[in-house]
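These protein sequence lines are chains P and F, in that order.
Convert by adding 1159 to the 1-based position in the first sequence; the result is the number in my numbering.
Here my numbering is used: position 143 in the second sequence is 129, and no number is missing along the way.
Hints are computed from structural coordinates only; laboratory data are not their basis.
Hints are supplied without guarantee of correctness; some may be wrong.
To be verified - Derived DSSO-like pairs: lysine-lysine, alpha-carbon spacing no greater than 27 Å straight-line:
| no. | chain 1 | residue 1 | chain 2 | residue 2 |
| --- | --- | --- | --- | --- |
| 1 | P | K1401 | F | K21 |
| 2 | F | K94 | P | K1401 |
| 3 | F | K21 | F | K110 |
| 4 | F | K119 | P | K1513 |
| 5 | F | K21 | P | K1373 |
What the hints assert, rightly or not - Sample of chain P residues lacking proximity to chain F, with all beta carbon distances greater than 12 Å (derived):
| no. | residue |
| --- | --- |
| 6 | D1227 |
| 7 | K1324 |
| 8 | H1398 |
| 9 | P1403 |
| 10 | S1409 |
| 11 | E1416 |
| 12 | E1519 |
| 13 | T1597 |
Unchecked claim - Cβ-Cβ distance ranges computed for the label pairs, FRET-style:
| no. | chain 1 | residue 1 | chain 2 | residue 2 | range |
| --- | --- | --- | --- | --- | --- |
| 14 | P | Y1394 | F | E68 | 37 to 47 Å |
| 15 | F | E68 | P | V1410 | 41 to 51 Å |
| 16 | P | S1426 | F | A105 | 39 to 49 Å |
| 17 | F | A105 | P | H1549 | 54 to 64 Å |
| 18 | F | N60 | P | E1529 | 17 to 27 Å |
| 19 | F | D101 | P | Q1427 | 42 to 52 Å |
| 20 | P | R1470 | F | E68 | 47 to 57 Å |
Note that this is a predicted model, so its numbers are computed, not measured.
Beta carbons: idealized from backbone N, C-alpha and C, even for Gly.
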Amino acid sequence: MDDTNKPCQIPKGLADFSGESSDTHSDNDPLVETKLRELQQRCELCAAGTSDGIWDWDLATGTVWYSDLFLRILGYARDEWPATVEAFNEHLHPEDIKRTWEAVDRHFKGEPFDVAYRLKRKDGNFVWFRSRGTSTRDGDGRPLRMAGSIQSIDERKRVEAELRKLNEALQHEAAERIAAQTMLEKLNEDLESRVEARTRELKESLEQLRDSEKRNQEYTRELERQNQDLDEFAYVASHDLKAPLRGIRSVTGWLREDCVGLLPEASQGHLDDLQNRVDRMERLLAAILEYARAGRYAETRLPVDTGALVRNIIESFESNHAFEINLPDDMPVLDTAAEPLLQVFQNLIGNAIKHHDCEEGRVSIGWRGEGNRVHFSVHDNGPGIDPRFHKKIFQMFQTLRPRDEVEGSGIGLAIVRRVVESQGGVVRIDSALGRGTTFHFTWPGYHGKRPNA
Amino acid sequence: MPDLTRGQPDANTVKLLLVEDDTLDVEAIRRAFRKARIGNPIHVARDGIDALSILREETGEPFRRPYLILLDLNMPRMSGIEFLSELRDDERLRDSIVFVLTTSDDDKDIMQAYDNLVAGYMVKAKAGEDFVKLIGMLDHYWRIVELPPDRT
């Protein structure tokens, strides 16, 4: 039915609508008129009540009735849309034409009509619709009329498309994920094999380290043994040599006492010389013992105030008032053994005083920190030492003056070197004739500590 | 030589048994006594075996109390410590007064000597020039101290 209230032809099958057979009535029967109006109303109601667009196609004439909603859905006014099949075709999406008409054909062959296609709206956009319908046939089975509805499934199609897109994205991500996982596994394998290789390397190095440690221990033991031998030797030697020396000294003394007046002067002098040499030999023996012991102290490390240590030494040399011994106020406090350091300073300061060519002289002590070691210097403004002898003076029993004139045994610097080197340090001399002498040596145990003021 | 104004009131002067193998050390001690005009008899044994033989009167010579022993530790055949050990084991000789006079200043030697109950330990180097201090000390000792009596 259309809006203009024109009466429609009622196809035979439409009699179902009314629930009555159409055969019993003819046109213009007032009952028929009423029935028609009823039917028209029902039609209109149905068409208006549904949310789908309705179409009604007369196959013979090719005209199609489109419901208001049909046109409204597509955004058209009634006069903008011809009531033809062509109108439908022109608005059908090109990709859907073939499929749609194939569905119509299938339907005419007996299949239900249920197809989705896109129609172009007035604004130019295509919208998806689901079209369902049914048809009537004539006696020969040829289709006469087909009618149905279109249902906007655009929303659904959109959601479907989005789902598909999401699915694709998800699959893509899954693929990426798997690819990443595979790469991770590969990296893992790679890492493991590298760790294995590295572990092997480390094991080997550890082995080597252990071996060298063992060797070190053996060397240390050997060294200990040799040192002990040296100690023993030095001790025994000095003791066993002391006895006859004492005897010689006694006899010399007795001869002197008993032969006063009996000996010519030269012989008296000889006896003096004898005494002298005996004295010297005893000093040499004591020096040997000292040298053997040097650097073999028990390593008890305590904080040592080097300033106080040196000042004590200076006091013990006080007999020489003319001598000026300077040292800085901030001498460091070292974690070390005091005995060896005392020995070194005693020897160096004593030497400076002993070998000075003037009654007055000056000794200056300095220091600086170098990492965990201290660098000490002992300088005197004495005569200096010819560079020719710089190496020699550190050897045992080396003196640079005739042996009779010197009190010392000439072992002082040898001891200094042995002690300093036993502490892992170095000692060297900086001197030239007429330019004074500076001894430099390094010592461990420096932690930046200063004496508490 | 016996000096009746010194020594024990019973007129026995104290004998000194010097156990020492160095002849010059022996002579030094003799000279020191002479210089100090101390005339007590000095007997010399060259080592521990000799010394025991003298003390036990095995040489045929009598050796009566009172006496002091001056002992060196470094000797051949029997060392000073071995001699001391045997001395203290001998019933008749165990209460002998012994002074050690030796070269060693080693703590170990000193301890061993005192473990064997010596009366004193002296180091030769510190005993004074020509043993003068030593002689002085011994002289005072046997004048003031009561020595162990005869046991027989």
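Verification of the hints:
This hinted pair checks out: K1401 of chain P and K21 of chain F have alpha carbons roughly 25 Å apart, not beyond 27 Å. At most 27 Å may separate the alpha-carbon atoms for a hinted pair to count; K94 of chain F and K1401 of chain P meet this at roughly 20 Å. For the hint pairing K21 of chain F with K110 of chain F, the CA-to-CA distance comes to about 18 Å; that is within 27 Å, so the pair holds. Annotation: proposed proximity of K119 of chain F to K1513 of chain P is violated, straight-line Cα distance about 34 Å (limit 27 Å).
Between K21 of chain F and K1373 of chain P the CA atoms are separated by roughly 65 Å; this puts the pair beyond 27 Å, and the hint is violated. At roughly 131 Å from the closest C-beta of chain F, the C-beta of D1227 of chain P stays outside 12 Å, upholding its exclusion from the interface. Against the 12 Å criterion, K1324 of chain P stays outside the reach of chain F, whose nearest CB is about 100 Å from its own CB. Non-interface call for H1398 of chain P relative to chain F: violated, since the shortest CB-CB distance, roughly 6 Å, does not exceed 12 Å.
With a least beta-carbon separation of about 9 Å from chain F, P1403 of chain P fails to lie farther than 12 Å from that chain, contradicting its non-interface assignment. A cut-off of 12 Å between C-beta atoms contradicts the statement that S1409 of chain P is not in contact with chain F; the least separation is 5 Å. Residue placement check: E1416 of chain P does not keep its beta carbon more than 12 Å from all beta carbons of chain F (closest about 9 Å). Once the 12 Å rule is applied to beta carbons, E1519 of chain P is consistent with being away from chain F; the minimum gap is 36 Å.
The Cβ of T1597 of chain P sits about 38 Å from the closest Cβ of chain F, beyond the 12 Å cut-off, so the non-interface label holds. Between Y1394 of chain P and E68 of chain F the C-beta distance comes to about 22 Å, which lies outside the given range of 37 to 47 Å. Take E68 of chain F and V1410 of chain P: their Cβ atoms lie about 30 Å apart, and the range 41 to 51 Å is violated. Range check, S1426 of chain P to A105 of chain F: about 43 Å between beta-carbon atoms, so the 39 to 49 Å window is met.
For the pair A105 of chain F and H1549 of chain P, the supplied restraint of 54 to 64 Å holds, since their beta-carbon distance comes to about 56 Å. Between N60 of chain F and E1529 of chain P the Cβ separation comes to about 50 Å, which falls outside the hinted range of 17 to 27 Å. Between D101 of chain F and Q1427 of chain P the beta carbons are some 48 Å apart, a value that agrees with the proposed interval 42 to 52 Å. For R1470 of chain P and E68 of chain F, the hinted distance range of 47 to 57 Å is satisfied, since their beta carbons lie about 50 Å from each other.
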